[in-house]
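Note that the protein sequences, when read in sequence, are chains A and B. Per the numbering used here, residue 5 is the first one in the first sequence, and the count goes up by one each step. Per the numbering used here, residue 2 is the first one in the second sequence, and the count goes up by one each step.
Just so you know, these hints were derived from the structure itself, not from any lab. Computed from a predicted structure; not experimentally measured. Certain hints may be false.
Claimed, not checked - What the simulated footprint calls covered on chain B by chain A, stretch by stretch (three residues with Cβ under 8 Å from a Cβ of chain A suffice, anywhere in the stretch; the number is not a length):
#	region
1	6 to 17
2	65 to 75
3	115 to 125
4	221 to 230
5	271 to 285
Glycine is no exception: its CB is placed at the ideal position from the N, C-alpha and C atoms.
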Amino acid sequence: MTFMRSILGAAATLALVAGTAAADPAIIFDLGGKFDKSFNESAFTGAKRWADTTGGSFREIEMQSEAQREQALRRLAEAGSNPIVMTGFAFGNVLAEVAPDYPDTSFAIIDAVVDEPNVRSVVFSEHQGSYLVGMLAAEASKSGTVGFIGGMDIPLIRHFACGYAQGVKAVNPDAKIISNMTGTTPAAWNDPVKGSELAKAQISQGADIIYAAAGGTGVGVLQAAADADGVLSIGVDSNQNHLHPGKVLTSMVKRVDNAVEQAFNDGPGFETGTVVLGLAEEGVGYAMDENNAELVSDEMKAAVEDAKQKIISGEVEVVSYYDNNSCPALEF
Amino acid sequence: MDFSTLIQILDSTMRLATPLLLACLAGLFSERSGIFDIGLEAKMLISAFFSAAVAYDTGSVWLGLLAGIAASMVFAAIHGVASITFRGNQLISGVALNFLASGMTVLIAQNWFQQGGRTPSLLGKARFEPLTLPFADALSDVPVLGPIYSELLSGHSILVYVALLAVPATYWVLYRTRFGLRLRAVGENPAAVDTAGVSVIGLRYAAVAIAGLLCGIAGAYLATGLQAGFVKDMTAGRGYIALAALIFAKWRPWYALSACLLFGLLQALALRTDVVEAIFPFRMPVQLLDSLPYILTVVILAGFVGKAIPPRAGGQPYVKER
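Using the sequences plus the hints, can you model the full thing?
This is how it looks when you write it as structure tokens:
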């Protein structure tokens, strides 16, 4: 009997040890999918970079449907993953419910604010980055008409559009901005055919620079712009300049990768609260590399750098769509 | 709205209606023979993937098209085996295929290309280029008819014309050939066809195979005509809209053409918010335009506008009396 008990005890200790050893960080990707060449892929890059530098390993789950969110979150928390990072505004409500049940687990959510003691909310000042690419768009545009194509019609995407429109208007107050949303369901993140039809429709309305903030749908937008003569596109979230060299004006990069890597590095019990990553923190910006070097002249770059400094110092204020759910430069 | 805007919208309508039309005709053959086909979406998706993958590997869009058609026909064969030979539930078989295609394409694409469930972008000969019809450039200055010919009709990929020609071909096959008569009969009263000494199973397999062929072309058009590569779930529900169009068209080929063009027009209009605002005096939500195909189908099904009667033996596996 005592023998049995000691074996059971040993087994229990082992299980406990195994439990603590399994306290790997975890990441949950939203519906766009891990390899959307954009938002989620950027998060994956950050997680992978953490794994490469520290030699650690992490768990990951890719959402396939809305219904899986809570289940996935609880499963990871119960399996002892810590910290748990999730990408996407859609986790907001779910996390607010789940987080109080696992007070010892640290959660980080990107693109939404959840007010719980064990949650770090990382939000980006997308309007500032979009403002800068908007300026570039207005300067590169010959027709004076520029386009914006959003994915799912949510406040976050309007936030992108709003900053972009303000940047365009700052350079050319008479510019016309055509704005379209792909849809109102999560399928809008993965419909490149509709993305390129939207781009073609905007091109026929005179747009010669089109900014796509639409996840996988953006692939179609960039393709349609690359196929048309004299039309440039602007990528989003990850640096998408390489997708069509010489045909992508720039990309509004959002350093989701840094946010994820940071959360993984800080480990369990990290500092919580809301973290805002803007231009000053290098959380957002515009991408320059050899693929678009010829498209952006030195004057354009100087003007944008100047605006960047002014935004950081507070001299220029980019109005956020969230402030009063409307945009001074664009009507939805 | 000026004339050139109208032409642009109709041009977009043609592109958006083509995959719907091909899938709708595929469903027409299958359902007219008594086999319900929820799996149009699956066949388009698997074809989109294999056409893009093979076109990328070989650099030839025609080989891609063949591969797409072959993949789609394999899926059609699975549906046939499940629902004709083994007399399984046709709806469940179709739904299973939809799941299978959605998962399998991403898995294979990730394994082959390591680009996150998509194929690399296709260039040059690996894509269907727009086809310029004869005299399109010369006639473009003719008022009214010129733009209609040179911009609306010309300048599409060859698969658009294939889709348009498939409509009279379908009509001819179904209503003017012995095969078509038997096919329609097997969807209404398979026992009578069997009594006449014609193989019910053979006819149904033939119909399902034709559906596979047409869906294969539709999928290849999405991936290599409209787009330059495969992206996860890129069919985005077009198979279901095609089914709605099939009901809307009351299972007839010419009606299918007009239903698909109507649904394509609604989709094209939803893309042009400026035009929508100009047409309607009030603020029309584009979401309403997107959902109109489904609303119209429900209206038709409810019997407000004529009656949509499906083939009588549809959905029932044929059991020979013993």
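Now for the hints, and whether the structure bears them out:
1. 6 to 17: holds (count 5)
2. 65 to 75: violated (count 0)
3. 115 to 125: holds (count 5)
4. 221 to 230: holds (count 5)
5. 271 to 285: It holds, with 4 qualifying residues against the three required.
Violated hints amount to a single one, hint 2; each of the other numbered hints is respected by the structure.
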